[in-house]
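Asker: Chain residues, written in single-letter form:
2 protein chains.
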Amino acid sequence: MLLYDNPLSGNCFKVRLLFSLLGIEYERREVDVFDRSDRPEILGGLNPGLRVPTLVLDDGRPLAESDAILVYFAEGTEYLPEDRYARAQVLQWMFFEQYNHEPNVAVLRFWAEAGIEGDPREVATKLAGGYRALEAMERHLEGREFFVGGSATVADLALYVYTHVAHEGGFEMGRFGAIEEWMGRIRALPGYVSITA
Amino acid sequence: MLLYDNPLSGNCFKVRLLFSLLGIEYERREVDVFDRSDRPEILGGLNPGLRVPTLVLDDGRPLAESDAILVYFAEGTEYLPEDRYARAQVLQWMFFEQYNHEPNVAVLRFWAEAGIEGDPREVATKLAGGYRALEAMERHLEGREFFVGGSATVADLALYVYTHVAHEGGFEMGRFGAIEEWMGRIRALPGYVSITA
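So the protein sequences, as listed, match chains X and E.
The first sequence runs 16 to 212 under our numbering.
The second sequence runs 16 to 212 under our numbering.
Do not take every clue at face value.
Any copy will do: because identical chains look the same in the list, a pair fits if it lies in one copy or spans two.
Think about it this way: if two alpha-carbon atoms lie no more than 25 Å apart in a straight line, the pair counts; the simulated SDA-like pairs of lysine to any residue are [said to hold, decoys possible]:
1) Lys141 / Leu61
2) Lys141 / Pro55
3) Lys141 / Val180
4) Lys141 / Phe191
5) Lys141 / Val48
6) Lys141 / Leu58
7) Lys141 / Asp47
8) Lys141 / Arg51
9) Lys141 / Gly164
10) Lys141 / Phe49
11) Lys141 / Asp53
12) Lys141 / Asp50
13) Lys141 / Gly158
14) Lys141 / Arg43
15) Lys141 / Pro22
16) Lys141 / Glu56
17) Lys141 / Gly60
18) Lys141 / Glu195
19) Lys141 / Thr92
20) Lys141 / Glu128
21) Lys141 / Pro118
22) Lys141 / Trp126
23) Lys141 / Met198
Note that these hints are calculated values from the structure, not bench results.
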C-alpha cells in the first residue's frame, strides 16, 4: 500500500499510528503541505478533497479522509467495537474531531509551524473554539480511561494526534489533567510510534 | 425517540430525511440556532459539541453528530452498503461533507438566512471553498447515479441537505448539471420529505 503523507500532518500521523499498532506495512510518499499547487496532479484522481492522507490499497483502489481510513483498517480489530451503539459513539467523536477540534487546534499549530501570522480576530476565534473542544474532551475523560468503552479505539487515535501537539499552536495544556493522563495511556499502547518516526 | 432539532439546520434535516425514508417515528424539540446561550443547559449532558441534531434513543442514551446518527440508523438497511470498501467510501464522503462542504456552503447560507454580514475576506474564502467542494461533487457524479454504488446511501443524504439549499447562500448552481440530476434522484426516493416538512 502507498500512503500519500506528510510528517507535519496529524491527520497523516493517525494512519501511521494505527498501522504501527496493527503491524501493517506500507510505503510513504511525501506531499508538500506548504506549496499545494501540484495536488490536483498528484491526488486529483484519488481524493476529491485533495488532502493528505490519501491511501492507495494494494489493488490500486484509493481511500481518503483520515478517519474513514482508520475505520476501514480498524474493522475486526480491538480498535473498533462491535457493538452498534459503541461504534456510533466512536464515529460521533471522530466527526467532533474533524469539525470542532481540527479546524481550530490543527490550523493554529500549522500556522505556528509555517510562520504564518493569522488575522488576530481569526486567531482569537480559533483559540476559543479549540479550548471549547479541549474542555469537552477533558469533561468526558474525567472518570474515564478512553473515549468509548474500556480500551483504546480509533476515536482516541483521531483525537490524540492534534491534542498531543496542541501546545505548538499556543494552547496552554496545564489545566487539562484528564487529557494528560489519557495521552499517557495512548503512548503506552504496544506498537506506539511518535509523529516524527 | 427525541430529536433536538431546528428546521433551518441541514444537519437536522439529514436525520429527519433518513427517518422518513425508513419510516422511523420520533418526537422533535426545537433548539434555537440564533441565541445559543441555553445550549449547555439543554444539550450539555447529551452532546459534547452542543450542536443540533442531538438524538436521545428510546432507552435514554444520547447520540450526536448528524453523520454518526445516519450511520447508526442506516446499519442493516439499503442506505449503508455491507461491503467494507463501499462503507469506507460512504464515510469518506461524509467526512468530506463535514470538513470541505458544510463549513463553507452551510455557513454562508446561515449568514444569509440570519441577516449576518460576514467579513468580506471570510465570505470570499468560504465561497471559494464551497465551489471547490461542489466542483469535486460534480466531477464525481459525472457518469454516476449516486456517490457510492448504484443506489442512494447516507453519503448522498449527507451531501444533499446543504447542496439543495446552496443557492440560498449565494452559490450559482446553474453550472452543476450532474449535481442537479442527482438531486432529482434524491427527491424521487420513496418517503422523501422536504426540509420544511
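Asker: Compare the structure with each hint and give your call.
Answerer: Hints, verified against the model:
no.: 1; hint: Lys141 / Leu61; in the structure: between (30 Å within a copy, 24 Å between copies)
no.: 2; hint: Lys141 / Pro55; in the structure: between (28 Å within a copy, 20 Å between copies)
no.: 3; hint: Lys141 / Val180; in the structure: within (15 Å within a copy, 27 Å between copies)
no.: 4; hint: Lys141 / Phe191; in the structure: within (18 Å within a copy, 33 Å between copies)
no.: 5; hint: Lys141 / Val48; in the structure: both (20 Å within a copy, 20 Å between copies)
no.: 6; hint: Lys141 / Leu58; in the structure: between (28 Å within a copy, 22 Å between copies)
no.: 7; hint: Lys141 / Asp47; in the structure: both (24 Å within a copy, 23 Å between copies)
no.: 8; hint: Lys141 / Arg51; in the structure: both (23 Å within a copy, 18 Å between copies)
no.: 9; hint: Lys141 / Gly164; in the structure: neither (30 Å within a copy, 38 Å between copies)
no.: 10; hint: Lys141 / Phe49; in the structure: both (20 Å within a copy, 20 Å between copies)
no.: 11; hint: Lys141 / Asp53; in the structure: between (28 Å within a copy, 22 Å between copies)
no.: 12; hint: Lys141 / Asp50; in the structure: both (23 Å within a copy, 20 Å between copies)
no.: 13; hint: Lys141 / Gly158; in the structure: neither (28 Å within a copy, 40 Å between copies)
no.: 14; hint: Lys141 / Arg43; in the structure: neither (31 Å within a copy, 32 Å between copies)
no.: 15; hint: Lys141 / Pro22; in the structure: within (23 Å within a copy, 28 Å between copies)
no.: 16; hint: Lys141 / Glu56; in the structure: between (31 Å within a copy, 23 Å between copies)
no.: 17; hint: Lys141 / Gly60; in the structure: between (32 Å within a copy, 24 Å between copies)
no.: 18; hint: Lys141 / Glu195; in the structure: within (21 Å within a copy, 35 Å between copies)
no.: 19; hint: Lys141 / Thr92; in the structure: neither (35 Å within a copy, 39 Å between copies)
no.: 20; hint: Lys141 / Glu128; in the structure: both (16 Å within a copy, 24 Å between copies)
no.: 21; hint: Lys141 / Pro118; in the structure: both (8 Å within a copy, 14 Å between copies)
no.: 22; hint: Lys141 / Trp126; in the structure: both (11 Å within a copy, 19 Å between copies)
no.: 23; hint: Lys141 / Met198; in the structure: within (22 Å within a copy, 34 Å between copies)
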